[in-house]
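J.: Sequence:
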Amino acid sequence: MTTVLANPTLELHDANGALLGVGDNWTTSSQAAAIRASGYAPPNANEPAIVTTRAAGNTTAIVKGVNNTSGNALVEVYALP
0 MTTVLANPTL ELHDANGALL GVGDNWTTSS QAAAIRASGY APPNANEPAI VTTRAAGNTT
60 AIVKGVNNTS GNALVEVYAL P
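The sequence shown: position 48 = 47 (numbering that gives the first Met the number 0), numbered continuously.
What the hints contain is simulated information worked out from the structure, not anything from laboratory work. Where hints are given, some of them may not hold.
[Stated by the list, open to error] Pair by pair, the computed Cβ-Cβ distance ranges are:
1) R53 / S29: 29 to 39 angstroms
2) V21 / L73: 15 to 25 angstroms
3) L79 / T27: 15 to 25 angstroms
4) N15 / A44: 26 to 36 angstroms
5) T1 / E75: 14 to 24 angstroms
6) H12 / Y77: 17 to 27 angstroms
7) L73 / H12: 12 to 22 angstroms
8) P42 / T68: 15 to 25 angstroms
9) V21 / N57: 14 to 24 angstroms
10) P80 / T1: 27 to 37 angstroms
11) S29 / T1: 30 to 40 angstroms
12) L79 / A14: 17 to 27 angstroms
Yeah, the Cβ is synthetic: ideal placement off N, Cα and C, and Gly gets one too.
Start from the sequences and build out the full structure, keeping to the hints where you can.
T.: This is the structure in structure tokens:
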């Protein structure tokens, strides 16, 4: 992937647009231990990650660059045991 977003943030919203969670710099997140324990921790400390339980239905992920920077981002979703 070229022109990668250097310092992304992540928001999760439900089907009604309500904010479910915000992620930024996963290593300083209150969820850092859960993210690390998941086995899917991002390799870069500047990447966001969120651990959440979702009911069936649509969820929207919004990725933004810190200070309105732009670039490409890849969002990955995992089902955890």
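J.: State for each hint whether it applies.
T.: Hint-by-hint comparison with the structure:
| no. | hint | result |
| --- | --- | --- |
| 1 | R53 / S29: 29 to 39 angstroms | violated (19 angstroms) |
| 2 | V21 / L73: 15 to 25 angstroms | holds (18 angstroms) |
| 3 | L79 / T27: 15 to 25 angstroms | holds (21 angstroms) |
| 4 | N15 / A44: 26 to 36 angstroms | holds (32 angstroms) |
| 5 | T1 / E75: 14 to 24 angstroms | holds (18 angstroms) |
| 6 | H12 / Y77: 17 to 27 angstroms | holds (19 angstroms) |
| 7 | L73 / H12: 12 to 22 angstroms | holds (19 angstroms) |
| 8 | P42 / T68: 15 to 25 angstroms | holds (20 angstroms) |
| 9 | V21 / N57: 14 to 24 angstroms | holds (18 angstroms) |
| 10 | P80 / T1: 27 to 37 angstroms | holds (35 angstroms) |
| 11 | S29 / T1: 30 to 40 angstroms | holds (33 angstroms) |
| 12 | L79 / A14: 17 to 27 angstroms | holds (22 angstroms) |
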